[in-house]
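**Student:** Next come the chains, spelled out residue by residue.
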Amino acid sequence: MTRINEPLLQLKDVTAGYGAGLVLKGVNLDVMPGQIICLIGPNGAGKSTVLKTISGLLGIKGGEVIFKGHEISTLSSKQRLGLGIVHVPQDRSLFPAMTVWENILMGAFILKDQKLINERIEQAAELFPIIIARKNAAAGSLSGGEQKQVEVARSLMLDPALILLDEPSIGLDPKSRKLVFESISLLSKAGRTILLVEQNARSGLAVSDRGAVLEAGRVALVGTGAGLLEDPEVSRLYLGASSK
Amino acid sequence: MHLVIQALILGSLTGGVYALMASGQTLIFGIMKVINLAQGAFVIVASYLTFSLFQMTGLDPFLLIVITTPIMFILGVATQWFLLKPLRPDDAAELSLLVTFAVALGLEGALSLFYKTTLRSIMPGYENHSWTVWGYQVNEVRFYAFLLSIAMLGILYLLLQKTKFGRSVRATVQNPMSAQLLGVNSKAVSAFGFGLGVSTTAAAGAVFGLITPFNPGSHYDLISRLLTIVVLGGMGAIGGSVIAALMMGVGAALVSALASPIWSDFTFFIVLLLVLLIRPRGLFGAKVRGAL
Amino acid sequence: GTSAQAAAKPLTIGISLSLTGDFADSGTAAQKGYLLWQSDVNKKGGILGRKVAIKIVNDASSPDQVVTNYTNLITQSKVDIVMGPFSSLLTIPASRVAKRYGYSFIEPAGGGPKVFLEKNPNLFFVQPAATTKGGDVFADYILSLPAASRPKTAAYVKLDDPFAAPLADNIKARFEAAGIKTVYDQTYPSETADMTPVISGVAAAKPDVMVGGTQTADAFAMTKAMIQLKFNPKWLFLSNGASSPLEFPKAIGLKNTEGVFTSSDWYPKSTAPGTAAFIKSYISMYGGTAELIDSTSAEAYSAGTLLELVAKKTGKIDNKTIIKTLHTGSWPTLEGNLSWNAYGEPQGAYLLTQWIGGSLKTVFPAKIAQHAPVAPKPAWVG
Amino acid sequence: MTSLLEVKHLTKRFGGITAVNDCSFEVQEGSITALIGPNGSGKTTAFNIITGYLKADSGSISFRGKDIAEPDPAKLYRSGLSRTFQQARIFPEISVLENLIVASGYSWKGLLGARTTNGDRKIAGEMLEEFKLSALADFYASELSYGQRKLLEFASVLMSSPKLVLLDEPTAGVNPVMIETMERHIRSRHASGVTFLIVEHDMQLVMRLCDPVIVLDHGAMIAQGTPTQVQANAQVLDAYLGS
Amino acid sequence: MSKAGIIRAVTFFGILALLPLGVKPQWVINLLIFTLMYSTLASSWNLIGGYAGYPSLGHAAFFGFGAYFIGIIFESSIGNGYNPFLILPLVGLCAGLISIPIGFIAMKTRKDVFAIVTITLLFMVQTLAYNLRAVTGGAQGKGVAVPPFDPANFGRPFYYVMLILLLVAMSISFYFRRSKIGLSLAAVRADEDKAHGVGIQVTAVKLIAFALSVGIASMVGGVWGYYEGFIYPQFAVDPLITIGMVLMTFLGGRATLWGPVLGAFILVPAQQYFAYEFGATQFYLLAYAAIFLIIMLVLPRGILPTLTDRIRIKAKIAVEANK
Ligand SMILES: Nc1ncnc2c1ncn2[C@@H]1O[C@H](COP(=O)(O)OP(=O)(O)OP(=O)(O)O)[C@@H](O)[C@H]1O
Ligand SMILES: Nc1ncnc2c1ncn2[C@@H]1O[C@H](COP(=O)(O)OP(=O)(O)OP(=O)(O)O)[C@@H](O)[C@H]1O
Ligand SMILES: [Mg+2]
Ligand SMILES: [Mg+2]
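As they're listed, the protein sequences go chains U, B, Z, X and F. Just so you know, this note's numbering puts 196 at position 196 of the first sequence, and the rest follows in order with no gaps. To convert, take the position in the second sequence, counting from 1, and add 1000; that gives this note's numbering. To convert, take the position in the third sequence, counting from 1, and add 2000; that gives this note's numbering. To convert, take the position in the fourth sequence, counting from 1, and add 3000; that gives this note's numbering. To convert, take the position in the fifth sequence, counting from 1, and add 4000; that gives this note's numbering.
Same shape as in the complex, but just chain U (with noise of 0.2 Å):
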């Protein structure tokens, strides 16, 4: 992947919303490739409705949304899906009544090679064993935590250019967790870009090339990861000042 200068995805002007009602009132983002990006802000500041609109879960009502130079907001999540862009939801994602590896092998859906899918399977499997020591078990009837790592684990079926995480860090224990901030920088060393949503905004950012802050369906403020984990301001109304 060739390092030039221009954004990978790009957000212009995005305006959304459930219904009638706007969530997002021109929301203006670059990312670029390469990098990974978090995105904080307070509940109900719309970061989930931004991923939703870059995967195309939910259609925009004006703005563009502009992904390796194309816009790409009238097209399916499907053909997005096929453009690179994996999105992996902050609400369970998992088919309850389906095995967990049957979970596993729809994370690979859209592919065709068998050998790659299973190639990818044991990559998987050695960040999360869950998927084999569980195999069998209804993916619904796992806890809460077990669950989120199976769908880690399903996102890295596929070899995206750009991953959505939308807040992958929920009910995971300290070693979980530690273990998804981990393979989020080695995804991103192996040259994917990765677009996080995270409210344990200070291991977000720790990881994170660029922050940017979203607030009441606008991009309040971007920087640096560690710009951002830095600023007073920052701290104070995102951040929490007594966490540490």
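Nothing false has been slipped in among the hints.
To give a feel for the contact side, a few chain X residues facing chain F, derived at Cβ under 10 Å: (1) T3051; (2) Y3053; (3) F3085; (4) E3093; (5) W3108; (6) G3113; (7) A3141; (8) S3156; (9) V3157; (10) S3160.
Listed below are the simulated PhoX-like cross-link pairs for lysine-lysine, each with C-alpha atoms no more than 20 Å apart in a straight line: (11) Z:K2078 / F:K4024; (12) F:K4314 / U:K25; (13) X:K3075 / F:K4108; (14) U:K112 / B:K1164; (15) B:K1116 / Z:K2250; (16) U:K115 / B:K1164; (17) U:K78 / B:K1164; (18) U:K135 / B:K1162; (19) X:K3055 / F:K4108.
Here are some chain B residues pointing at chain F (derived, C-beta under 8 Å): (20) T1228; (21) V1231; (22) F1269.
Bear in mind the hints are in silico, worked out from the structure with no lab data behind them. For each residue, glycine too, the CB sits at the ideal point set by N, CA and C.
Following the hints, put chains B, Z, X and F with the ligands in place on chain U, whose structure we already have.
**Tutor:** Just chains B, Z, X and F with the ligands now, kept in the frame of chain U:
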């Protein structure tokens, strides 16, 4: 004793026929979460199709299944695409009840226009043949239907559990949003799955037309039985619905032959109630962790 | 002036029929009979110079709709006369509406005991006898046989409805009194689609004669079950369904009909007055052959005929006249000579018919028989 | 201090998995006890059993000194035990405000009264204000974001007057600033005598707030003590915190 | 109640109460009787099927119970014709009492299973109606004595009784919406386990809703049996009656006050009119099905909820604009 054994034979054969009808219903109800009140009407449509094709071509009704299956499939896909898909996902399960009821009425109306309401039977000449085995009568058509239903159920089971398509159907139903995110064309898959459920009525319709006289209104009697079988078996559990259909067939036959037909359905309903009270998810319904 | 105008005004007759739903089959047959009569009577110049205009509406086999329909016909469409519906179950609510507004109620299809218990003097049932007496003629025939060749044992299988079951029970009472042993007696509910378990029970009891109190679909299903189970009693009587010249062979195969007894009010070979003309005009209107005419059509046609006869006799056609006139004398129709008791129960008898050589033939009473009864019944063809 | 909740030899199996394995612990009245452990260690299952949503295979539970033979969620709630769910469970088809009112618990007589009284609205309104949800008061709860749902559920347990509150990962997905608000509420309730049992993976919060800390692994208790003790425990480091 | 609501209710009931005094044709009254009958049935079904989300398919069993109750007591004599109406509260009370153990058992299951359990109940009651011949007359049916009302105004008493029953059903419906019972039912509908867990008297409110619901249905059944004059098992305990009330409720809008009434006022006249006018051409089923599908596709959540949702969304935009 002779009577009991004969009733057992009759009951299991009839149960096989119902299992065939219920298989598609189970697929649609359990896997697609649609309470399809039109399944009985689809069976009758298939019976008429077979009837007409048989009259026109003289081909064996069992052979005609090859032709009627794709037709029923398309009918199912069209129903899903134009009438069920537009429903909002939140209340689709309940509203599908209404839509499919209207579809059933519409089909009944259309059939009455074309065929009038005369009772018809498909009569290839062997429809009433029976083998005499140790003094017991085994009806040929029902026996074939029994085999056919086992084969169909096997195919359905394999299709749903072991293939990529089957996985995508189940995935779409269990979590449409995340199926979409993984590249499943959930709209097409839903339509296809519904079509599949309806296409099983092709075989069921042929068999039904062979063993019972039917008219456009015959679907009313079918639907409550199909629903009960599906629920008793545990919604979506294909194997469960076979057992339930057999239970119903055998139970009804035994009570009819030994006690009185007027209490046979009653007995079956009592069984259903007891099963549901002890196992609210039906005989084979899986217990899920749910929101805990 | 006014009388000529009144004469020119068509005579409107309102009828509600079950054209969809459970009873649609017979409802349609009745519709054919009514419309045929309308066409015939209008060809003759109508009734008393007035064209007959029949308004048929659908009750979809629903009792709510039948009440609505007769109320609408009488109070909205203001028809001159109403006639009866099909099914029989809808007859009672319908006849109550007619009576409320002083309308006569000539009805071709509601002949159950409760209909006559309504004590409705406006009602006239256009069949030879109350429906439940339909089997008496079969009992007459069996009991007319020499004691040695009579059946020794009998089975009764009957549909739980207001007509079929009492009909079979009437036969049973007569048989038992004559010493024919009952070896099987069961009622089955109307939604029984699969008759094989019941028939396997009958077969196990090995009766000489089997009496089926049947309606339509159940008669077909029952016969199919008998064929499948290879159960062939020496005498088989099916009260209804088997009497349908069109449907019965269609449903079970013509060859299998051989030897089945049933009872008829009207059938194509009937010698009742007007039959030939009726058949001719039926075929010219609907095509087909005489064999394909359902007796329900003849019943409906006869209901119309009664109006003609009343008008001819009295020179008037209004509800009061109809009611008063029909209560006296006897009235020749396709159904034979009809006369009624005070509450519309006809006082005649049915004919015993049997499927012989592919069609229904009268076999009893002997003096009008077209063929001798065939017994024992030949085996099923399969 | 006396123990408010006592769990003895609790065991729960699902097929081949032993989710809770002969587990015993106590929650002292007036404490803020933490229940921690790796994913799948049985914390939620223990909660589900204690609150009557699941039946234990064996073991006993006593609450307020009384043995609870057949835990029933409603009865337990009325006797002062309320909880939140790991995956926030709100009533999606009723409004955010009414979600709080429903959870406030009402008597038989109250059942016949008005759907929302002015008093209800005032108390619930204040609570929504605290969690920045007032603008959404009349919206369906199904329209909330993930974190807002967690906040709503948390707020709803504060609506009644419980003796013991069980919180299952209350802060997951909640903004750090809002976590502070939560913490404040927990402390103020605690000050007025409410006992808490909290499952939480946010160790900083646990260390700040809770004492004692109980650690589960594979369904069994492996450690118990003050935050500092637990943090230093080798087994805990290995199984849970990672070295 | 809001001012607009009071005006709406007073106008609606006012017009309906005065109508028979001006409108003489019995066919209109007859049509309105059936319309009011289904409005009441749908409103009563809404109590349990709409507010509580328990889709009962067994209401016709209680409807039939009411019909037979009246039929059995008044088989041979009814005095001045008004006695059957006076006994209706007793009918409702009995049905309500009977429903409590039934509901207690049936509502232990999940909601979709509940639908099947209740339809099973319906078929069981129908079977009993057929087979308990000594009481019900079995398949022979049971006649009710003919009321001695003036034919010119024959329908009027039935009309007013149906109207009163509708008023009762709608009042209960209104009360449900405005009381904590309604709020509790809404919670039960949304998440019953959780509702149980926050101390809501789940069983009690469900049983109250069920008992009131079937109590009203049974009273309507009583009036129906009397009006019809003759009761057969397959008509009195008829799945189509249940389906009718469900369809109307869904059409107008579940869990709303006016939805079920609206649904009935559209469907009943349409159905009866189509059957009367087009029935003979057999197009009636097609036309009926078509209307249905069109409404479902255009207003997928039922008429009222779709409309109020549009209004709500407008309000939401206004809120956003103010922010
Ligand atoms: N399905 C929906 N229907 C209607 N409104 C919604 C829906 N989902 C979210 N919203 C609204 O959109 C706004 C933004 O929601 P979003 O889920 O994007 O927030 P978020 O920033 O991801 O919050 P959180 O940190 O809590 O996950 C919220 O105010 C919420 O009320
Ligand atoms: N209904 C069930 N069927 C099968 N296994 C189950 C079921 N419920 C829980 N389990 C299993 O029991 C174990 C404990 O689950 P539990 O949800 O209690 O974990 P937890 O400690 O809450 O984990 P987390 O921190 O991830 O929420 C897990 O391995 C889980 O897979
Ligand atoms: Mg979010
Ligand atoms: Mg947990």
